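Enquirer: Letter by letter, the chains look like this.
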Amino acid sequence: MRRCMLILPLLLLTAPAVAHAGGFATTGLSSTPEGLRAGQAWKVELTVLQHGRTPLSDLRPEIVTIDADGNRTTFRAHPAGKPGRYAATVRFPKAGQWSYAVYDGFNHALPTTYPAVLIRDTAPATTVRRPEPVGPPGIPIALAGVLLLGGFALWLMHRRRHPPARLA
Amino acid sequence: MKTVPALLAVAALAGCGSDDEQRRAQPAAKGDPGLKVWAAMGCGSCHTFAPAGATATIGPNLANSLGGRNRAYIRQSIVTPNAKVYGGGRSIMPEGFAKRMSKPELDALVEFIARGVRSH
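Top to bottom, those sequences are chains A and B. 1 is the number of the first residue of the first sequence in the working numbering; add one for each residue after it. 169 is the number of the first residue of the second sequence in the working numbering; add one for each residue after it.
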């Protein structure tokens, strides 16, 4: 009886830890979001293995992103066709420092966390360059004006030499 | 009476992962191949390791279990987890875990952990 009294507190102390150890899974990521720009898609595949060994299917893993203000966004991963494999598409909508965590869907109390990642600003919009016109833009207009004036002068001279016949 | 040592071993194993990360290390360098392997293998699901931003408590905090150890020891801890178990008892880390990695990947992971534990 005395031995039981000694063991019982030990059992109570270790029971949660033992239960904890029995219900864990590892989650591997096919890539990290390092180098991404704001709004760019991070397509990642998750591999969830019970006890680091057995692929776990029928789970609903999630990736949670947290911005610098603590706002959280959840992205659900979907089965990727193989046991234990799930695919997710994650977007970080704005530039800055973000943290993220993966919830494997097996034991939601144990997220896998990663170092914070710096998301860069969106890439500058590509502009279509048109070929520059040769010479200053005023030259074609001035040339047209000179031609018009010349034509008008010629018409006037022609009119003076050959005035239109008047009707009697 | 045989049960007491067994329970103590379990307690030691359970306790090894419960250390909170108090000391912070430098975050992993940008594009660190070791961090990529760390993430791919799911190491952060079990271990606390500041350079990887990992806070899990299933396994031991690597700053404690591998702090001050050389690369050979770290490699052995990955390749043969039960060779030397921090805190005693039996490791819950899967045997054959390293077989999922190529040699360059294992090298990168060992290097990443070695650099991380050295900064503590």
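Don't read these hints as lab results, they were simulated from the structure. Predicted model, so just to flag it, every value in this text is computed and none were measured. Among the hints, erroneous ones may be present.
In silico contact screen, one side only, chain A against chain B (beta carbon under 7 Å); selected entries [what the hints assert, rightly or not]:
1. Gly-28
2. Thr-32
3. Arg-53
4. Thr-54
5. Thr-113
6. Tyr-114
7. Phe-152
8. Leu-156
In this text, a Cβ means the ideal position worked out from N, Cα and C, and glycines have one as well.
Enquirer: Gly-28(A) was flagged as interface toward chain B. Is the shortest Cβ-Cβ separation under 7 Å?
Expert: holds, 4 Å
Enquirer: Grab the minimum C-beta distance from Tyr-114(A) to chain B and call the hint holds if it beats 7 Å, violated otherwise.
Expert: holds, 5 Å
Enquirer: Mind checking the CB of Arg-53(A) against every CB in chain B and telling me if the closest is under 7 Å?
Expert: With Cβ-Cβ at 5 Å, under 7 Å, it holds.
Enquirer: Quick check on Leu-156(A) please, does its C-beta sit within 7 Å of some C-beta on chain B?
Expert: violated, 78 Å
Enquirer: Should the hint that Thr-113(A) touches chain B count as held when the rule is a Cβ pair under 7 Å?
Expert: With a closest approach of 5 Å, the Thr-113(A) hint holds.
Enquirer: Quick check on the hint: Thr-54(A) CB to chain B CB, less than 7 Å?
Expert: violated, 10 Å
Enquirer: Would you settle whether the hint for Phe-152(A) is holds or violated, based on the nearest Cβ-Cβ distance to chain B being less than 7 Å?
Expert: violated, 71 Å
Enquirer: Quick check on the hint: Thr-32(A) CB to chain B CB, less than 7 Å?
Expert: holds, 5 Å
Taken one by one, the earlier hints fail for this structure at numbers 4, 7, 8, listed in ascending order.
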